[in-house]
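**Q** Sequence:
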Amino acid sequence: MKTNRNSIFWFRQDLRLEDNPALTAALAGERCYLVYIWAPEEESPWEPGAASRVFLHESLLALQEKIAASGGRLLCFRAGPGQTFPTSLAVLQALAKAGNAGSIYWNRRYEPKIIKRDSEIKAALKAAGLTVETFNGALLKEPWQVKTKEGKPFQVFTPFWRACLNELDLEPPLPAPATLQSTDSSSLELPRAVTVADLELLPALNWYEGILDRYPAGESEAHRALEHFLKHALANYSLDRDKPHRQGVSRLSTYLHFGQVSPRSVWHRTKASNIATKESAEAAACFLRELGWREFSHHLLYHFPDTADTPLRKDFLDFPWHKDEELLKSWQKGRTGYPIVDAGMRELWQTGIMHNRVRMITASFLVKHLLQPWQEGARWFWDTLIDADLAQNTLGWQWTAGCGADAAPYFRIFNPMLQGEKFDPDGLYIKRYVPELAGLDSKYIHAPWTAPPQVLEKAGITLGTTYPAPIVDHSEARQRALAAFQTLKELKTAVTG
DNA sequence: TGAAATGTTGGGGCG
DNA sequence: ACGCCCCAACATTTC
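Counted the way our numbering counts, the first sequence spans residues 43 to 539.
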């Protein structure tokens with residue numbers, strides 16, 4: 043039974059050749075089949091959104107090209123109800139049989155239902171006599187490796203990250219395979235693979251070119267972005283990362299999500315280029331902390347698997363949301379009348395990305411000013427972000443709503459005018475995404491309704507017509523939010539006391 | 001990885 | 001010269 047030395051490597055969220063432990067292991071055999079399976083019905087709790095699919099499409103093309111350049115070949119399959127292959131498992135079984143493969147390798151994913159699916163696949167393949175080996179290619183530490191002194195998962199970031207750093211002993215990244223000639227399966231009788239285009243990841247209307255211009259896909263692009271960031275932006279990261287009109291952030295989130303660069307590579311490249319001075323070491327530590335938040339989000343989703351759509355703090359199940367379809371739509375479309383919020387929501391819609399500072403502002407606005415359930419925001423971000431990641435999205439929204447681990451306290455309500463003045467003082471970010479305000483003096487850009495009538499007229503703005511009047515009054519909304527969160531406190535004391 | 005309300009201090013105008 | 005008031009400017013507390 044163990045006679046054949048052929049193997050299968052299953053690409054998932056690790057669309058890279060460098061530092062890919064499962065790929066390196068799989069290539070040790072005689073012949074190796076490289077496979078990607080598009081099975082959106084197996085993703086959960088939601089199928090990938092349209093923006094994420096566009097990026098995936100480009101990523102697969104880039105990967106295919108890179109593999110071909112090394113003499114190899116990528117096999118693509120569509121699996122799902124009504125398809126030739128109903129499940130990912132069916133693809134792997136057919137491929138193993140046709141290719142006479144005795145072992146299958148992949149890098150682990152950590153979304154709750156994917157863990158369940160993968161373990162079922164693993165069990166079925168093992169039962170069929172195959173060897174299955176899985177690896178860590180996505181995290182610095184496995185979620186189960188980091189524990190408090192009592193052996194429990196962490197719920198506060200700082201001690202979590204300290205614990206990670208204490209026992210972080212990372213091997214250097216694995217080099218990309220020198221050749222992939224052993225993966226050239228073109229002469230064999232294999233189940234009919236499809237092309238990347240056949241996966242139908244692109245939408246019918248071509249609205250996505252702007253997205254790809256701004257954020258090119260692929261492993262080479264990921265490394266280019268990393269090097270550019272280290273060279274030009276890291277030194278001022280701690281201040282510039284909050285300025286949405288600047289290139290002060292690394293823009294690595296999408297590449298990390300799709301695994302076009304590994305966190306281990308980011309870690310080593312950052313360390314290698316920034317130990318010379320105290321300042322650069324501090325800047326590096328500040329940046330690597332963000333990698334820490336990424337780790338923390340996976341840690342939390344792994345240990346609290348229902349939190350993608352359920353609050354971690356169960357008292358929030360009774361939160362008095364004011365569900366309102368119209369308010370939600372205004373937020374989604376960037377028509378709230380608060381320029382920094384609208385700029386962010388329009389950046390998201392137009393580019394599939396939103397600057398992190400503005401994600402916090404817009405999320406806070408939806409949850410606190412508009413009292414809409416955080417799950418609605420999470421769904422919208424999931425559908426529109428190209429870097430949509432279940433763990434990171436969940437952490438971000440539960441943090442904003444105050445119902446997650448180490449979350450923002452309920453009384454922390456961002457003032458959109460002050461946030462705008464602090465982080466976009468000249469209104470450059472706003473003017474880029476809310477062009478109807480471009481003629482307005484930056485003095486009034488964060489609160490157009492406070493501008494004198496003649497100033498508005500001169501700028502060609504009619505509030506309520508060319509640009510919305512504020513859909514809620516800031517200080518009234520703030521008071522309402524505080525009152526709503528207050529009821530939660532009372533409920534809690536009523537139960538416990 | 002807030003903001004607003006409230007408290008304190010100290011300099012200057014003024015009777 | 002003195003006390004009184006005003007009010008920035010900053011600090012602290014509260015939500």
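Take the hints with a grain of salt, since some may be wrong.
Keeping only pairs whose Cα atoms sit at most 30 Å apart, straight-line, the calculated BS3-like set for lysine-lysine is [what the hints assert, rightly or not]: (1) Lys473 to Lys371; (2) Lys464 to Lys485; (3) Lys313 to Lys375; (4) Lys356 to Lys371; (5) Lys371 to Lys108; (6) Lys139 to Lys183; (7) Lys356 to Lys183; (8) Lys155 to Lys365; (9) Lys365 to Lys189; (10) Lys139 to Lys108; (11) Lys191 to Lys168; (12) Lys500 to Lys273; (13) Lys285 to Lys464; (14) Lys320 to Lys375; (15) Lys194 to Lys183; (16) Lys108 to Lys285; (17) Lys164 to Lys108; (18) Lys285 to Lys168; (19) Lys356 to Lys313; (20) Lys189 to Lys164; (21) Lys356 to Lys320; (22) Lys189 to Lys375; (23) Lys531 to Lys365; (24) Lys375 to Lys273; (25) Lys356 to Lys194; (26) Lys313 to Lys365; (27) Lys191 to Lys313; (28) Lys313 to Lys158; (29) Lys375 to Lys365.
FRET-style restraints, in silico, Cβ to Cβ [to be verified]: (30) Pro82 to Lys531: 33 to 43 Å; (31) Arg454 to Pro362: 38 to 48 Å; (32) Leu247 to Gly171: 45 to 55 Å; (33) Pro495 to Thr200: 43 to 53 Å; (34) Ala323 to Gly113: 19 to 29 Å.
Treat the hints as calculated values from the structure; they're not laboratory data. Small disclaimer: the values here were computed from a predicted structure and weren't measured. Glycine residues also receive a C-beta, built at the ideal position from the N, C-alpha and C atoms.
**Q** Does the hinted range 33 to 43 Å hold for Pro82 and Lys531 at CB?
**A** 41 Å, holds
**Q** Decide if the proposed pair is consistent with the structure: Lys191 and Lys313, CA atoms, cutoff 30 Å inclusive.
**A** 28 Å, holds
**Q** Does Lys371 pair with Lys108 here, judged by a C-alpha cut-off of 30 Å?
**A** Violated, at about 41 Å.
**Q** Take the C-alpha atoms of Lys375 and Lys273, compute the straight-line distance between them, and say whether it is at most 30 Å.
**A** 36 Å, violated
**Q** Hinted pair, alpha-carbon criterion (30 Å max): Lys375, Lys365. Please report holds or violated.
**A** Answer holds: Lys375 to Lys365 is near 17 Å, not above 30 Å.
**Q** Could you say whether the range 43 to 53 Å given as a hint is met by the Cβ separation of Pro495 and Thr200?
**A** Roughly 50 Å apart at Cβ, these two residues keep to the hinted range, so it holds.
**Q** Has the given pair, Lys473 with Lys371, been kept, meaning a C-alpha gap of at most 30 Å?
**A** 22 Å, holds
**Q** For Lys108 and Lys285, compute the direct alpha-carbon distance and say whether it is at most 30 Å.
**A** 35 Å, violated
**Q** Quick one, are Lys313 and Lys365 close enough, alpha carbons at most 30 Å?
**A** 47 Å, violated
**Q** When you check the alpha-carbon spacing of Lys139 and Lys108, does it fall within 30 Å?
**A** The hint holds at about 27 Å.
**Q** Quickly compare the C-alpha distance for Lys356 and Lys371 to 30 Å and report which way the hint goes.
**A** 27 Å, holds
**Q** Is the Cα-Cα distance between Lys189 and Lys164 30 Å or less?
**A** Cα-Cα ~26 Å, so holds.
Of the numbered hints listed earlier, those contradicted by the structure are 3, 5, 6, 9, 11, 12, 14, 16, 18, 19, 21, 22, 24, 26, 28, 31, 34.
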